[in-house]
Every structure is written in C-alpha cells, then in structure tokens.
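Use these hints to put chain Z onto chain E, whose structure you have.
Going down the list, the protein sequences come from chains E and Z. With numbering that gives the first Met the number 0 applied, the first sequence corresponds to residues 0 to 55, in that order. With numbering that gives the first Met the number 0 applied, the second sequence corresponds to residues 0 to 403, in that order.
By construction, these hints were calculated from the structure, which means they are not laboratory data. Check the hints yourself; a few may be wrong.
[As the list claims (entries may be wrong)] With a cut-off of at most 27 Å between alpha-carbon atoms, the simulated DSS-like pairs for lysine-lysine come out as follows:
| no. | chain 1 | residue 1 | chain 2 | residue 2 |
| --- | --- | --- | --- | --- |
| 1 | Z | Lys323 | E | Lys11 |
| 2 | Z | Lys329 | E | Lys11 |
| 3 | E | Lys11 | Z | Lys282 |
| 4 | E | Lys11 | Z | Lys254 |
[What the hints assert, rightly or not] Now the stretches of chain Z that chain E is said to cover, found in silico as 3 or more residues with beta-carbon under 8 Å:
| no. | segment |
| --- | --- |
| 5 | 252 to 264 |
| 6 | 352 to 366 |
[Said to hold, decoys possible] Chain Z residues, not near chain E, derived (Cβ > 10 Å throughout):
| no. | residue |
| --- | --- |
| 7 | Ala3 |
| 8 | Met76 |
| 9 | Asp135 |
| 10 | Gly176 |
| 11 | Glu210 |
| 12 | Glu295 |
| 13 | Tyr299 |
| 14 | Val300 |
| 15 | Glu308 |
| 16 | Lys312 |
| 17 | Glu326 |
| 18 | Val343 |
| 19 | Gly347 |
| 20 | Pro376 |
| 21 | Asn401 |
Just so it is clear, the structure is predicted and the values come from calculations on it, not from any experiment. Here a beta-carbon is modelled for each residue, glycine too, at the ideal position from N, C-alpha and C.
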Amino acid sequence: MNISDMIEFVNKISAFEFSKKSLADSVPMSELREDRVEKSDCTMERQVVVDKVEGV
Amino acid sequence: MTLAELSRKLQNGEFSAYELTKNYLEKEDEYGAYLFKNEDAISVAKEIDNRRLSGEKLHPLAGIPIAIKDNIVTKGMPTTCASRTLEGYIPPYDATVVEKIKKAGMPILGKTNMDEFGMGSTGENSAFYPTKNPKDTTLVPGGSSSGSAAAVSGGLAPVALGSDTGGSCRLPATYCGVVGFKPSYGAVSRYGLIAFASSLDQIGIIGKCAEDIGLVFDLISGRDPRDMTSIETKNIRIDRPRVRNICDFNDKIFKTVLYAYYIISSAEAYSNLNRYDGVYYGKCRKFGEEVQRRVELGAYVSGHENVGEYYEKASAARRAICDKMDEIFKECDFIVTPTVKGDVPQLGSLKNGADMYELDEFTTLANLAYLPAISLPSGITIMGRRGEDMSLISYAREVEKNGI
Numbered sequence: 000m001n002i003s004d005m006i007e008f009v010n011k012i013s014a015f016e017f018s019k020k021s022l023a024d025s026v027p028m029s030e031l032r033e034d035r036v037e038k039s040d041c042t043m044e045r046q047v048v049v050d051k052v053e054g055v
Numbered sequence: 000m001t002l003a004e005l006s007r008k009l010q011n012g013e014f015s016a017y018e019l020t021k022n023y024l025e026k027e028d029e030y031g032a033y034l035f036k037n038e039d040a041i042s043v044a045k046e047i048d049n050r051r052l053s054g055e056k057l058h059p060l061a062g063i064p065i066a067i068k069d070n071i072v073t074k075g076m077p078t079t080c081a082s083r084t085l086e087g088y089i090p091p092y093d094a095t096v097v098e099k100i101k102k103a104g105m106p107i108l109g110k111t112n113m114d115e116f117g118m119g120s121t122g123e124n125s126a127f128y129p130t131k132n133p134k135d136t137t138l139v140p141g142g143s144s145s146g147s148a149a150a151v152s153g154g155l156a157p158v159a160l161g162s163d164t165g166g167s168c169r170l171p172a173t174y175c176g177v178v179g180f181k182p183s184y185g186a187v188s189r190y191g192l193i194a195f196a197s198s199l200d201q202i203g204i205i206g207k208c209a210e211d212i213g214l215v216f217d218l219i220s221g222r223d224p225r226d227m228t229s230i231e232t233k234n235i236r237i238d239r240p241r242v243r244n245i246c247d248f249n250d251k252i253f254k255t256v257l258y259a260y261y262i263i264s265s266a267e268a269y270s271n272l273n274r275y276d277g278v279y280y281g282k283c284r285k286f287g288e289e290v291q292r293r294v295e296l297g298a299y300v301s302g303h304e305n306v307g308e309y310y311e312k313a314s315a316a317r318r319a320i321c322d323k324m325d326e327i328f329k330e331c332d333f334i335v336t337p338t339v340k341g342d343v344p345q346l347g348s349l350k351n352g353a354d355m356y357e358l359d360e361f362t363t364l365a366n367l368a369y370l371p372a373i374s375l376p377s378g379i380t381i382m383g384r385r386g387e388d389m390s391l392i393s394y395a396r397e398v399e400k401n402g403i
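Next up, chain E with everything else stripped away, as it sits in the complex (with noise of 0.2 Å):
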C-alpha cells in the first residue's frame, strides 16, 4: 500500500456531511479542557488549564 492508496481509504469520509455545530465545534479536547477547569483542585494547574481554553 503506498501513501496515494491510503489516500483514497481516508477520503471516503468525505461522502459524509456534518452538521455545523459538529464542523463549528471540532476542537474535541475543548471539552476535557473546560472539564478539567471544573475538576482541577489545583490552583497552579487550574490557571494554565484556563489559559489554554481561552487560547484555543
């Protein structure tokens, strides 16, 4: 299998369409992000952990 094959096996997802909140929202750590920000009972961490949500 060389690279143009494996190509063409990943393009079959473009015969899916998605809704526009899925294509708005695609940054999936987002979530475990802001997730983190509620459970982290470290204040240092929790900083950083802010900073990065509010860089993305």
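Positioned in the frame of chain E, the structure of chain Z alone reads:
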C-alpha cells in the same frame, strides 16, 4: 493462576516472590514477546521476600511480576518503541505507572515487543522481530501490544501493561485468548508513555481475567499533576445493568469512525514523531514502512491546503460520535460489540494496509469517544461511560461468570 491466587500464595508462604519471578524470567521466549528481559527483577523480588519476612505490611500485588510494553519509559532500562530510531535509548526517568508499580513492589520482568510506535494491528511491524501467537504460532498475535498479549497468553508473565490508541490492547488480547482493557481517556496517567496520537493514547492492561485487570487498574489509575488530561474515576455499583448490542448501531455516523480515526491519529503521529533525530520534512530512513506511511498521511491531512477537507472533517465526525455515544449512554449502562470481524489472520497474510486497518473497525470507537472498553476472550468488547471504569470491570467479571 489469577493475581488474587498468586497474592494469597505469596502471603501464605507457599512460594516466594524470588521463586515466582525466577520461574517467569527463566522461561524461554519462543514467541518473540520480549525485547528486553530485566534480570534486576530478581533482586526486587528478594527484597520483597525480606520485607515480608520482617512482618512489613505490603501491597497485595507485591512480589507479583509484571511485563511492560516498550513504549512506556523505565529508568535505566532500554525503551525503544520497537523502533530503530530509539535503539539504545535508556530513559533517565520512570513513567508514572512504572513509579506506582515499583512502589507496590512488583518486579518488572522486561519490556515487551510491539508494532513500531504502536502503529499496526498484527504485531508484525516491530523493527526487530515479529511476535508470534502462543495459541498458534502460524497466526498473528494482533497489535500493537503484541508482546504483552503473547507474554500473558504464553505464560511468560502473569499480567502486562500495554497501550491502546485504536484497539492495541483489546485486539491482541482477543487473538491470544486473554483479556484486554483500555481505560477511559485520562483514567491512567500518560506521563512517560511515548506519544503516538496524544488525544487517543491510553495505557492499558492485559491479563488473564477481569479480576486481574481490576487489581492492576486500581494500582495505576488516578489523577497525576504531570498529566493535565488525567482524571479520577468513579466506582458506581450497577445492580441491574441495561446493555445494548452493536446491532442497534444503525446511525450513519458510526460509518465514519475508521476514517476519522486514521486521519486524526496520523495527523497527531506526524506532530509527535517529528521530534526524532533524523526526521526531515516528515521522512526518516530509520522509520519502518508503516510508520513512514502514517507520518506522510498525517502531513497530508493536516497540511494547509487539506486541513479543512480531512482533519477538520474528522474532528467534526469525532464530535458527532461523542454526542451520539452520550445519547446512547442515557438509555443504557454498557454497550457490547464484537472486538474484531473474522478469523485470526495468518502471519504475513495481510499485505494490503487497508485490510489491516479494517481490523480496527470496532475498537477505534472507544478511543475516539474517550470511553473505557474491555475485550474478553470470547470475542466481545464491552464499553462503559467515561470515568466509570471500575463499574465496567465489575460487569465484565459478571459476564465472565454468567454470560451477557
């Protein structure tokens, strides 16, 4: 023998940690399961025996040896990810999971073979030598945690750590007739796990039964300040679980899983593997063919001209998959799927990469949706809600005893 039985016998003095560890270390590795055997495990075992004799209260797993996949860093022990790129690398620190294992007094038997950097589903993509399936040495053991599964199945270790980015613990465990567990994303610290695809990677466990998995998970899981994605898991008792089967999955979004997985994992691999010595513009003569192919694909799908068509679409698919799983888990507690379609392939039979990629058809869903999943030797995988790993393991124990 289960870990609980080994623990009881060690505590009763029926055999010593030294005898147990020596027995595993001296067995001939006819399956290519290990890349490195750690003779220092003997001195750790002797120390545990002395501490037990002096009356010290030890961890229940103290003196029970364990094997560790070669992409988890171990201080003073070679760690190569089965790649020529990292040949000769001796890490100066331990992964968080390794620290916990050492603190509990589990001797480390060695580093297990794998598909290079975790890329592969058959165990044939190690840069050093392929792993063989102890159940039938003409068959593939599955990958990428091929050596960990072969070590447990072939009696070369009572339990082993692996890693699971798209099914790399569950697929080889099924092919080798043992149990494979991929925890929730974040349930086990990834500090010291050499990254393949950071948003999908998770350290997992391969053992003989779900009870063994639970004992090791209890030891290695938990929040780690050195891994910002790590979480605490909950143990919720579910008396009458509601279970749904894969046959309920008729939503077209699930047809995108495999393509989304290969786009996201390759893009992240391209980002992670660019740091190695000798990599120029995504090419490196020391990478094996499969690694090179995925790095090139990652460069293509995340490149400026293509990112909208591939990476962003795959991320949108991932979000839609997560939403769908949340919706399904409102109405049930566990989801059952097959682990893999078809028979175990013969060694060397999967020449076309796409055939190999399709082995991951059912397993990648749990990684994309951050969910815990456990595969049983019967060929099924059970998934649970994110963070409810112990509930899933308890249910798997019930299924082992009574079926679904």
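Taking the hints in turn, this is what the structure says about them:
no., hint, in the structure
1, Lys323(Z) x Lys11(E), "holds (20 Å)"
2, Lys329(Z) x Lys11(E), "violated (30 Å)"
3, Lys11(E) x Lys282(Z), "holds (26 Å)"
4, Lys11(E) x Lys254(Z), "holds (10 Å)"
5, 252 to 264, "holds (count 7)"
6, 352 to 366, "holds (count 3)"
7, Ala3, "holds (32 Å)"
8, Met76, "holds (30 Å)"
9, Asp135, "holds (26 Å)"
10, Gly176, "holds (29 Å)"
11, Glu210, "holds (29 Å)"
12, Glu295, "violated (5 Å)"
13, Tyr299, "violated (6 Å)"
14, Val300, "violated (7 Å)"
15, Glu308, "violated (7 Å)"
16, Lys312, "violated (6 Å)"
17, Glu326, "holds (14 Å)"
18, Val343, "holds (21 Å)"
19, Gly347, "holds (15 Å)"
20, Pro376, "holds (30 Å)"
21, Asn401, "holds (35 Å)"
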